[in-house]
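> Here's the letter readout for the chains.
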Amino acid sequence: MSVRIGGGQGFYGDTPAAVESLLDDGVDYLCLEALAELTLAILQKDRQRDETLGYTRDLPRYLAKALPAVAAGRTKLITNAGGINPAAAARAALDTAKQLGVSGLRVATVLGDDLKPRLDELRAAGTMLANAESGAAYDEFPGEPLFAAAYLGARPIVDALSGGADVVITGRVADAALFLGAAAHAHGWGWEDWNRLAAGTLIGHLLECSGQVAGGNYSGEWWTIPHPWDLPYPIAEVDADGSAVITKPNGSGGRVDFDTVRHQLLYEVHDPAAYLAPDVVADFTSASFTDLGDDRVRVEGVRGAPATPTYKALLAYHAGWSGEARAAFSWPDAYEKAKATAALLSKRAEMAGLAVDEWCFEYWGVNALGGPTAPPPDEPPEVVIRAAWRCEDERTAALIGRELIPLTLSAPPAGFTGMGRGGGGRPTELLGIWPTLVDRKLVDANVRVTFEEVG
Amino acid sequence: MARLQLRELCGYRAGDKGDIADVAIFADDEERYEVILREVTAERVKEHFGAMVLGDVDRYEARNVLALNFVLHDALGGGGPRSLRSDSLGKTMGGALVRMEIEVPDALADRRRPRPDVSWADEILDALPQR
Chain A
0 MSVRIGGGQG FYGDTPAAVE SLLDDGVDYL CLEALAELTL AILQKDRQRD
50 ETLGYTRDLP RYLAKALPAV AAGRTKLITN AGGINPAAAA RAALDTAKQL
100 GVSGLRVATV LGDDLKPRLD ELRAAGTMLA NAESGAAYDE FPGEPLFAAA
150 YLGARPIVDA LSGGADVVIT GRVADAALFL GAAAHAHGWG WEDWNRLAAG
200 TLIGHLLECS GQVAGGNYSG EWWTIPHPWD LPYPIAEVDA DGSAVITKPN
250 GSGGRVDFDT VRHQLLYEVH DPAAYLAPDV VADFTSASFT DLGDDRVRVE
300 GVRGAPATPT YKALLAYHAG WSGEARAAFS WPDAYEKAKA TAALLSKRAE
350 MAGLAVDEWC FEYWGVNALG GPTAPPPDEP PEVVIRAAWR CEDERTAALI
400 GRELIPLTLS APPAGFTGMG RGGGGRPTEL LGIWPTLVDR KLVDANVRVT
450 FEEVG
Chain B
0 MARLQLRELC GYRAGDKGDI ADVAIFADDE ERYEVILREV TAERVKEHFG
50 AMVLGDVDRY EARNVLALNF VLHDALGGGG PRSLRSDSLG KTMGGALVRM
100 EIEVPDALAD RRRPRPDVSW ADEILDALPQ R
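Those protein sequence lines, which keep their order, are chains A and B. Here the first sequence stands for residues 0 to 454, where the numbers follow numbering that gives the first Met the number 0. Here the second sequence stands for residues 0 to 130, where the numbers follow numbering that gives the first Met the number 0.
It should be emphasised that the hints constitute simulated quantities derived from the structure, not laboratory data. Quantities reported herein were computed from a predicted structural model and do not represent experimental measurements. Among the hints, a few may not be true.
[Claimed, not checked] Listed next, the stretches of chain A that the computed footprint assigns to chain B, with coverage defined by at least 3 CB atoms under 8 Å from CB atoms of chain B:
hint : region
1    : 356-369
2    : 376-388
[Said to hold, decoys possible] Residues from chain A that face chain B, not an exhaustive set, calculated with beta carbons under 10 Å:
hint : residue
3    : Trp-190
4    : Val-260
5    : Arg-261
6    : Leu-264
7    : Ala-286
8    : Thr-307
9    : Thr-309
10   : Glu-428
11   : Leu-430
12   : Ile-432
13   : Trp-433
14   : Leu-436
Here a beta-carbon is modelled for each residue, glycine too, at the ideal position from N, C-alpha and C.
Between the sequences and the hints, there should be enough to build the whole structure, so can you do that?
Here's what the structure looks like:
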C-alpha cells in the first residue's frame, strides 16, 4: 500500500494556489517546504524588528487552503515554516484555525533547532563551530551570531505524527526530512534502515522544490511544457520498500518525466554519491529511474549509509549594508558610456567622503550574468549598468545612490536614462553565513515536540 | 572532430549552498555522456568561469542520470545574503557553463538541440492592452 505525499511549497514566496490541486487529487501528507539559507536571513531581519516574528508569514495563507482538508481527516500537514521561531508559527497556526472555525485539530511544534542560546555550552562540550566551508576557526567569527540553527532530521516529525498530530510545525528541519518523516511514519521505517531512509530522502529532495520537478526551471524543451502559468506541484506515491512513483495531479499542466526528474535530482547537491542528510547518507547515484509515461516516473534501488555523527548548522553575522542603482544607456557606444558612468559614480562617492568597502558593477546586456564566460560584445544596442555597493553603515549606503541622480544631466556620455524604480531604494542589510557541523547528540538532547489542540 | 557548445549536448541546472555554486549538466544520451565525461573536466570548468569562481572546482559523476555535477567554491560573492551580485544564488551559472565549447566526434556535430518556439507567448502578449 503506497502513501501519497504532496510537495505543496518550494520556498518562502511560493504560491499557495497549487495546494488546491494536490488536495483535490488526494494526498495523505502535504509537505510545505519554506526555508533556504537566504530565507533564514530574511526571517532574522523580521525577528530583529519584532520578536513575535521569525517564521514565514505566508503560513496562514497556506493553512487557509489546507486546514479544511486536514480537519476532515483527508491529509496531514508538515511544514518547516517555523523558520527561526517555530513557537510563534504555531501560535499563528492556532489563530488561523480559530479564525477559520476549524476544530478538532492537534498541532505539534518541533523545538530545539535553535542553538543560539547554547553556543557556549556546545563549545564546552567539544563542538568547535569551525566554518565548514572555509575551515576558519570560530575565534574568527565576525561579531555576535544573529541566529544559529541546526538542520534537524525526520525523527521529531515521526514523533509528532505518532503523537497524533494533524499539523506539524518545525523550525530548521532539513528540506527533504519533511517528506522522509511522512514516509517513515506511514511505513514504520526504522532509524537504521539506511536504504529506506535514503530513498525517503531522495524522494523528499525531488519534491522539496515544488514545481522544479514538474517542468519548472527546466532547461530541456521548456517552451513545450503544458500550461506553464499554472504549473502543478508534485506527488510521490511511496511504497513500503522505499520505491516510489513521482507524479503530479491528474489532468493538470506541467510535466513529470525522466528529464524533469533528473534535473531536480542534482539540484543544489555536492557529491551525489554521498548526500549528507541528518538521518542518512544517501547515494543518489544508486537510484534507477523508469519513465512510465503519463507523467509518472518510478524511482527504486536507492542505497544509503549510516548518518554522520554531526548535523549541519547555520550561523549568521552582520556583514554591512548594501545599496544599488541602475541606469540605462542607448546605442551608440552604450557599453563605454555605462563603464564611464560607473567610474563617475565611484569618483563622486569618494569626493563626498562616502566609504565603500566593496563595489559590484554589472553590465546588463553585456556580461552581467555570464561574467567571463560571455563572449566579448560587438556593439550592444543598449546596456544597463547596475551598480551595487557595500558599506559599513546604513546611512552611507543610502547616500551613495543619490550620487547617481545628478548624472542625469551632468554625465558626459549622452544617452543616459533613469531606470524607473531601480535607483535610490532603501539599503539592505547584508548577512554573512557561517555553515558548521555540530554533534548530533548534543542537539538531540534539546529537541522536543509539544502538542496543542484546537477545540 | 568538430567544436560544439555544450548547450547542444546537455541540459543544465544550478543552485547554491553558501558561497558554493552547484552546477549540473545532463547529457542527452550515453554517447554524449562519454564525450562530456572526457571533455568537461574540473580544470576546464574552473578555467571557463575565470574570475567568477575564486575557489576550487570539484567534479562528480552520476552515470545513472548521465550527469556531471560541478561544485564551484567561493563562487557567489560571499553567498546569498551577503553577495552584491544580481544572481547571488548562482541560478544562471548552468547557462553560463553550457556556453563552453568542446571537441566532439563529427557524427555528433550535426545535431542541434531545438530552439524555443514561444508563439503561444506571442499570442498571449498580443492580446494584451499595450501601447
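> Minimum Cβ distance from A/Ala-286 to chain B below 10 Å?
With a closest approach of 6 Å, the A/Ala-286 hint holds.
> Against chain B, run the beta carbon of A/Trp-190 and see if the smallest gap drops under 10 Å.
Since the shortest Cβ distance to chain B is 26 Å, the answer is violated.
> A/Val-260 was flagged as interface toward chain B. Is the shortest Cβ-Cβ separation under 10 Å?
holds, 8 Å
> Tell me if A/Glu-428 is really an interface residue toward chain B, meaning its C-beta lies closer than 10 Å to one of theirs.
holds, 9 Å
> Quick check on the hint: A/Trp-433 CB to chain B CB, less than 10 Å?
holds, 9 Å
> Hint A/Arg-261 vs chain B: min CB-CB distance below 10 Å?
It holds, given that the least Cβ distance between A/Arg-261 and chain B is near 4 Å, below 10 Å.
> Can A/Thr-309 be said to touch chain B, with a Cβ gap under 10 Å?
violated, 16 Å
> Would you say the region 376-388 of chain A counts as covered by chain B, given the rule of at least 3 residues with C-beta under 8 Å?
holds (count 3)
> Measuring from the C-beta of A/Leu-436 to each C-beta in chain B, is the shortest one below 10 Å?
It is violated, given that the least Cβ distance between A/Leu-436 and chain B is near 13 Å, above 10 Å.
> Under the criterion of a CB-CB separation shorter than 10 Å, is A/Ile-432 in contact with chain B as hinted?
holds, 5 Å
> Classify the hint on A/Leu-430 as holds or violated, based on whether any CB of chain B lies nearer than 10 Å to its CB.
Result: holds, 4 Å to nearest chain B Cβ.
> Going by Cβ atoms only, is A/Leu-264 closer than 10 Å to chain B?
holds, 6 Å
Against the hints set out earlier in the document, violations occur for numbers 3, 8, 9, 14.
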